[in-house]
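S.K.: Residue-level listing of the chains:
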Amino acid sequence: MFLNEYNESQEYNYIKIKCEMTNLSSNISKTEKTPLFGKTLSELSEIVAELKLPGFTAKQIASWLYNKEIESIDEMTNLSKKTREILSEKYCVGLSKPVKVQVSTDGTKKYLFATQHGKYIETAMIPDKERITVCVSSQVGCKMGCLFCMTGKQGFNGQLTSGEIINQLRMIDEFKSITNIVYMGMGEPFDNLDQVLKSINILTSDWGYAMSPRRITVSSIGIIPSLKRFLVESNCNVAISLHTPFENEREKLMPVQLAYPIEKVVAEIRSFDFDNQRKLSFEYIVFGGFNDTPAHVKELARLLNGVKSHINLIRFHPIPGTPLNKTNEKRLLEFKEELNKKGLLTTIRASRGQDIYAACGLLSTKGITTEA
Amino acid sequence: MDDQFLFSNNVIGLKEIANEKYCLTFKKQFGYKAGQVVQLTCNRSIEPRLYSLCSGEFDQQMEILFDLKLGGELTPKLVELNPGDRLYVSHPYGQFLRPTPEKMWWIATGTGIAPFRSMMRSGYEADKILHGARLEEQFYFSDEFKTAFGEKYVRCNSSTNEVGDFQGRVTNYIESVKSLPKDIKYYLCGRSMMVVEVRDLLIARGVPFENILSEIFF
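Residue numbers (my numbering), protein chains in the order written: chain A, 27 to 398; chain B, 386 to 603.
Be careful, since some hints might not be right.
Stated by the list, open to error - Capping the alpha-carbon separation at 27 Å, the derived lysine-lysine pairs in DSSO-like fashion look like this:
(1) A:K392 x A:K305
(2) B:K488 x B:K513
(3) A:K85 x A:K224
(4) B:K418 x A:K254
(5) B:K531 x A:K352
(6) B:K418 x A:K290
Derived by calculation from the structure, the hints in this document are not laboratory data.
Values in this document were obtained by computation on a predicted structure and should not be read as measured data.
All chains should be built: construct the whole structure from the sequences, respecting the hints.
M.R.: Given below as structure tokens:
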């Protein structure tokens, strides 16, 4: 029953979006100019050198892009008119407004953005008391094919640039109040690591948004080579999608297990020297009768023994055709308590934005992508 | 053993078996199990990519099947390799194939046939092998599969009309099967969209998800 409602409602949303999109083509950046937004300071320095502009211009451009709210090169008024003309020949700022916003009864918002290639991504803004957390996408769709995830059902439709990742923050109404960023939207961040790291560089650098990396969490299913690189090249928090400690179960839920088993992911994490402030968490969607048994508690305790981390239990939001079930609230609480008793710091993540399909595992632009 | 450590290796041969599809053979440095993968690059400055081995456990050399990605960083360099050239290859790892008493169906599209060729050459048997492709030349290793499996090997041809092929995609073939076996293992390999579609279809037809194993290109 819930799934039927989901289908009809989701279909309705797609139809609405499609209709609205007929008037929104101007929001899709079809310019052949290269966007400056999303360039790091070193990339801007290269551009400035190529255009034979003074070296300090790079910092000026970075300041306009990331510290001021401009939308065109003409607004960079401390650059000479000639410099702005030279820049404008090949480049644009490259910001893109959301083409649709949905608001949940709990205050969560889901933003729909068009990418430079005419595809669509979703971004969730989750308000919680003093916190404003934004959940950004790193890819259009996803290659990983996890059994429980709606994004995986649309397949992989493309990588996002660092500019398109940060644009999801810069162009939402709550931009100035964002306290936390999580890379947990559409896509697998470690499958687009270059652009994810570039976006983090811009978010955390003094010349960029100067955010603390401790307010940024990147979630991954555990692609080991990228995990190693991420741990070295960034100071952000890491969340690993665990979902079951048993190999023979995880490989049915997450095909990545066959290439990068969770034992090896945890072993890699163990070998890395986390400092006291960098947070490590494990995401665990609880499926009723599947991964919430006492045997799972025992095996989780063995797997994560001595790993300073936090387990986030997530309620499952069923998707069409799924063979998996939600767990009941009583069992969810018991499971949490059993894990805590084993010394595993465990909390239950509140489900937010379920009525607008912004909750964990529900983001998808499949209907829109294929229309675009 | 560190799966990611890259060992120096040498190219034995490179053959274009279809348009922009290549088989690369190189020295067998380690034993391996059918269905395992290696990380491979030809230059330490280029990030290695993950490839399924398509050679069998008893073959004297290792082999991968790859797709030339024009504009990619690695594959345009791989297609220029000559025998004797240096490669960097990890220890084989992963466990796609779970030897169990249950019968198996192998379902692949495109170069997703690679691990199944490894299984075939290693002596494993399937009750059905479905390979989906659009063009005759994309049914890689077709002769080997035909010889080994006869009518159990089904080419699902989604565009051309080749005599003996099933006309349609692998999903069409599965839909056309009246009674799908539920208590066997289904192995899927290919692009994520195909894997997700086939998996959803099998589940909708009553196959328990515990009986479906998937390997996805990423």
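S.K.: Would you mind marking each hint as holding or not holding in the structure?
M.R.: Results for each hint:
1. A:K392 x A:K305: The given pair, whose Cα atoms are some 33 Å apart, is violated under the 27 Å limit.
2. B:K488 x B:K513: holds (9 Å)
3. A:K85 x A:K224: holds (16 Å)
4. B:K418 x A:K254: It holds: about 26 Å lies between the C-alpha atoms, which stays within 27 Å.
5. B:K531 x A:K352: Measuring from Cα to Cα gives roughly 45 Å; hence the hint is violated.
6. B:K418 x A:K290: The hint holds at about 18 Å.
The structure shown violates the earlier hints numbered 1 and 5.
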